[in-house]
Amino acid sequence: MSPSDNNFTIHIATVNGSGSQTANTTLLRAVFQMGVPVSGKNLFPSNIAGLPTWFTIRINDQGYVSRDTRYDVLVSINPETSLADVSAMGPGSVILLAEGAPAPKIPPDRVVYTVPFAKLVEPLVADAKLRKLVVNMIYVGVVSWLLGIDPAEVDQALTAQLGKKPKALEMNRAAVRAGIDYASANLKKAPFQVRRADKTAGKILIDGNQAGALGAVFAGVTYVSWYPITPSSSLAEQLEMFLARYRRDPKSGKATYAVVQAEDEIAAIGMVLGASWAGARAMTTTSGPGLSLMTEFTGYAYYAEIPAVIWDIQRIGPSTGLPTRTSQADLLSVAFLSHGDTKHVMLFPATVEDCYEFGLKAFDLAERLQTPVFVMSDLDLGMNVWMSDPFRYPEKPWDRGKVLDAADLTRIGSFERYKDIDGDAIPYRTLPGTPHPLAGYFTRGSGHDEQARYTESAETYARVMDRLRRKWETARELMPAPVVERARGAEVGMVAFGSTHHAMDEARDRLRADGLATSYLLVKGYPFSKEVRRFVEAHERIYVVEQNRDAQMAALLKMEYADLAPRIRSILHYDGLPIDARSVIEGMRSGEQMEVAAR
Amino acid sequence: MTPPTSAPVNRIGLTASDYKGSKSTLCPGCGHDAITASIIQAAFELGLEQHRVAKLSGIGCSSKTPAYFLGRSHSFNAVHGRMPSIATGVHVANRELILLGVSGDGDSASIGLGQYCHLIRRNVPVVYIIENNGVYGLTKGQFSATADVGSKAKAGQVNDYMPIDLCAVAIELGCGFVARSFSGDPKQLRPILKAAFSHRGTAVLDVISPCVTFNNHEGSTKSYLNVKEHDAPLHEISFVPHFENIEVDYAPGETREVSLHDGSRIVLKKLEEDYDPTDRTRAIGMIHQGRAENRFMTGILYLDQGKEPLDRELNLVDEPLASLPLERVRPPKAALEEVMAGLKIGKG
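As they're listed, the protein sequences go chains A and B.
For the first sequence, our numbering puts the final residue at 589, and the numbers step up evenly by one.
For the second sequence, our numbering puts the final residue at 369, and the numbers step up evenly by one.
Calculated directly from the structure, the hints in this document are not laboratory data.
No residue lacks a Cβ here, since even glycine has one placed at the ideal position from N, Cα and C.
Any given hint might turn out to be false.
Claimed, not checked - Chain A residues, not near chain B, derived (Cβ > 10 Å throughout):
#: 1; residue: A245
#: 2; residue: D254
#: 3; residue: P427
Unchecked claim - Where chain B lies over chain A, by a calculated footprint (3+ residues, C-beta under 8 Å):
#: 4; segment: 17 to 29
#: 5; segment: 196 to 207
#: 6; segment: 210 to 221
#: 7; segment: 273 to 286
#: 8; segment: 302 to 315
#: 9; segment: 323 to 329
#: 10; segment: 418 to 426
Produce the complete structure using the sequences and hints provided.
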């Protein structure tokens, strides 16, 4: 599809640490304010300042928000990458180049604009250091004029970001103005434009980490411990910001929460388990390497049955990997994180709304099931902004699970920490501080019986492990339902989870237009709900689309549904860039061609 | 829990045996069992309410001992070396709990040294007992990081590496209550233990506790006989709890007195020199001097009542976070609406 009004993608090449994030966000917000669906992908290096960085803004009136691999507008500000950036642009594209930057010979079927950014910024700012920051706002002015983005919207977007710093706001306003003035005097409008629409009315723009943080705030989180790691840090930091704003006791001004930055991820999860054991709603947030460090404690929590909420904002591994690139490759390690027989509950948020909802739900699940619950987000979902309907205030109170207080103990007259009373394999617990002689018990990671006493008895060990397996079946009933879309008569079912979801509607729409109707299942939790099995059973071929090399979701599905394994195939994407619709379509086509060839 | 008529009862009507736990499974004669006995006695004398105490430990012989005392308290026997992070979480979740941590030299000086340091930095209120025998007992006799240079293992190897002195580390990191004692000296250990419960912050008690099975031979510096011979008490310690109105009868100039936040008092009677436990530099110097002279300087090495504990640093509400009702931790609908309004920038 060639670019058209409200349907094109802007690719902005700048230098990391130059303040271009504010400029790019200004453009993105301004388009959104004009009622046009928009999404942004920040492709940034693991670096503080100096290395190349790219930001892609996709403008799409159908509301497709997954990564677009074709760029229609290049804004080339970084001379170090301009040669390659310009070469990658195809026929019909628009190229905005800084005067004097190296560039290849550009064929005539591209529209080229050359702008003397350095000259334009000179009269605006005296300080050379500040110039490097302010020059970005000049391209905001130029681009907005070229593409027909309303200057009033640009100004509102800029004010939203810099409104609290009047001096900076004025300086940046002047830069935007200079860009607009230069463009209107010297350039012609681009061949495709942003036109006012009505498709973002009432919608919000938010990143997944902020959404998850909000969920935790309204879940009533009381304890947060974390260790800084990209891309999860912004979840903890935004959470602390919200807590400071909304969780002070109105009378005393004191905190109804605690945030402790730990010395490492082992301590972070240890503090969470200690707090949770003592009755707090406790969570941590991390990414790959941190998760590896939490391994021993999460096995402890599974076996000793202690609630915990752990966010994993997945990035590319193994090891340090690509710390600023996205991935869905922690599934298998998280599912069994620990030595020994261990199985962990996972939630898969696909949207920012899911991040908010699961931010709430994860606590209810963890406390109900008395086990760690992992929320499996990723860098793309967590750190990029997405449009969404506003989040709903929780209707229900919280579920603190099975906790006995002193009055309960007096009424019942006995307490066995690990006994299955209700037949759902979830035992009752008491909290330290409960004023009753029956309340105390001994929590340990070593072999224990129903009374929480140390034992090495073979029968008791197996009995406890069997109960934990039954508890897994209880968890299955409590998992969020998958989203299922059945296409009439479709032989083929597609399965996705997490941020991959956003490439799926676009890919399926295009496949359908080409005559291939597919059903779709969006997995929201592990253990898999019964609907997941029904979906696999109902289709001859299942394509599991995921962002890892080893088909990890497919592996979990095959483990659970060994009888259905032959029908499960994979479409895999694992280069660290968010998956795009084209990759899904190509994977699907080659899979189906192989199917035809095999017949 | 009706006490037999003959046994003395404490201020909450319990006997000493009410503070016992299950039977010890450590080797007969283990120094750790002597510490357990001192803990039971100290808790009895203080009249601790067991439901208010949380016992915490890591992994190792020492870390098993919470099963042997205060049988009605909650207990968390964590993974190896990570008790401090558990303690931090428990304290922040419920600041009303009295935390009693038991660790060993392997648990705190090797695998858990990092967490040990950070617990002290944060001044988490916990009575942190290190049952220090210089050896790994459960894995049968390997040196730990507190083994002294030149000390001999049971199998004959000699330790060449510098020991980590957990008291010196604690003082360096600003710990406000640092003591060293000997499992074989309950007369000294008990008042230290009782005083530690009145300290507002981390109280480190490094208790040398000979391992009768793997580290009690000639050539080991932490054998019972060697410790007994080289134990050099800095002072005689009396503890006057806030609920007792007792005058300690010493001649003027013979004692130093330190008041604690809850109104309890520590009375230190001079021995060889007039040791001032509020002098940080002297405390570190004393540890170095002891090592040079091959003596175990025991007693209250360092006291500082000035530092705020973690719950106050975090400015927590008075009630335990763990027991706050939903309406105090879920902001009102208006709060969410405010946040949404700030993000709602789409137009139609």
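Hint-by-hint comparison with the structure:
{"no.": "1", "hint": "A245", "verdict": "violated (5 Å)"}
{"no.": "2", "hint": "D254", "verdict": "violated (7 Å)"}
{"no.": "3", "hint": "P427", "verdict": "violated (6 Å)"}
{"no.": "4", "hint": "17 to 29", "verdict": "holds (count 5)"}
{"no.": "5", "hint": "196 to 207", "verdict": "holds (count 3)"}
{"no.": "6", "hint": "210 to 221", "verdict": "holds (count 5)"}
{"no.": "7", "hint": "273 to 286", "verdict": "violated (count 1)"}
{"no.": "8", "hint": "302 to 315", "verdict": "violated (count 0)"}
{"no.": "9", "hint": "323 to 329", "verdict": "violated (count 0)"}
{"no.": "10", "hint": "418 to 426", "verdict": "holds (count 7)"}
Going through the hint list in order, the structure does not satisfy hints 1, 2, 3, 7, 8, 9.
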